[in-house]
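Chain residues, written in single-letter form:
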Amino acid sequence: GAGVSQSPSNKVTEKGKDVELRCDPISGHTALYWYRQSLGQGLEFLIYFQGNSAPDKSGLPSDRFSAERTGGSVSTLTIQRTQQEDSAVYLCASSSYSPSNEQFFGPGTRLTVL
Amino acid sequence: AQSVAQPEDQVNVAEGNPLTVKCTYSVSGNPYLFWYVQYPNRGLQFLLKYITGDNLVKGSYGFEAEFNKSQTSFHLKKPSALVSDSALYFCAVRDNSGGGADGLTFGKGTHLIIQP
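Protein sequences appear in the order of chains A and B. Each number in this note's numbering comes from the position in the first sequence (counting from 1) with 28 added on. Each number in this note's numbering comes from the position in the second sequence (counting from 1) with 107 added on.
What the hints contain is simulated information worked out from the structure, not anything from laboratory work. Source: prediction; values computed, not measured.
Quick list of the computed label-pair ranges, beta carbon to beta carbon: (1) B/Q222 / A/S66: 26 to 34 Å; (2) A/E48 / B/G123: 43 to 51 Å; (3) A/R92 / B/Y146: 25 to 33 Å; (4) A/E48 / B/Q152: 24 to 32 Å; (5) A/T104 / B/T127: 36 to 44 Å.
Ideal Cβ placement from N, Cα and C applies to all residues, glycine included.
Bound conformation, chain A alone (with noise of 0.2 Å):
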């Protein structure tokens, strides 16, 4: 079946303009994750969706980051009032409910502020 999505694959913005993203999970994950990939920090967890439960917003660096998932499926990451630090690549991933579970990476967004 078809893989995780992202998209845009690609987003430049202003500094100070407000960006979202968006993933598409494997249909029947019910686990959805947020990720960011940069030079300076590496791979860090941003915030985690299990079912109808309270996020895990415990990764999220500031509070113009927040996401939402609708219907336990699609996903938007919004980053509100951008700023040159926030350029990175955004990955999102999914997997079935369990700790153990491996987790299925989509190809991430490119995110560029100016």
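Got chain A; can you put chain B on it based on the hints?
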């Protein structure tokens, strides 16, 4: 808190030779351990995982890894390297005690370069 260390930024191996990519971890409980590979301009691909049981786990593309609890290590190995194995490799951990974050904690990654 959980953490992962990959002490080598880059590993160079001649084609046909065995390879090892090192990983050590720290968790408060028992670990779930994973290896992922990333090819240029591609997403992360799962290679293998350790959950419980046999300390030697086998994964995709002929890779294997050995869990060593006393040394808190989970080194990735392959008996005979291929040029196509050249990529960026990430080790990751998740604490199965429920005390850590729900996401994976990744190492900084190791560039594996296989020379013809």
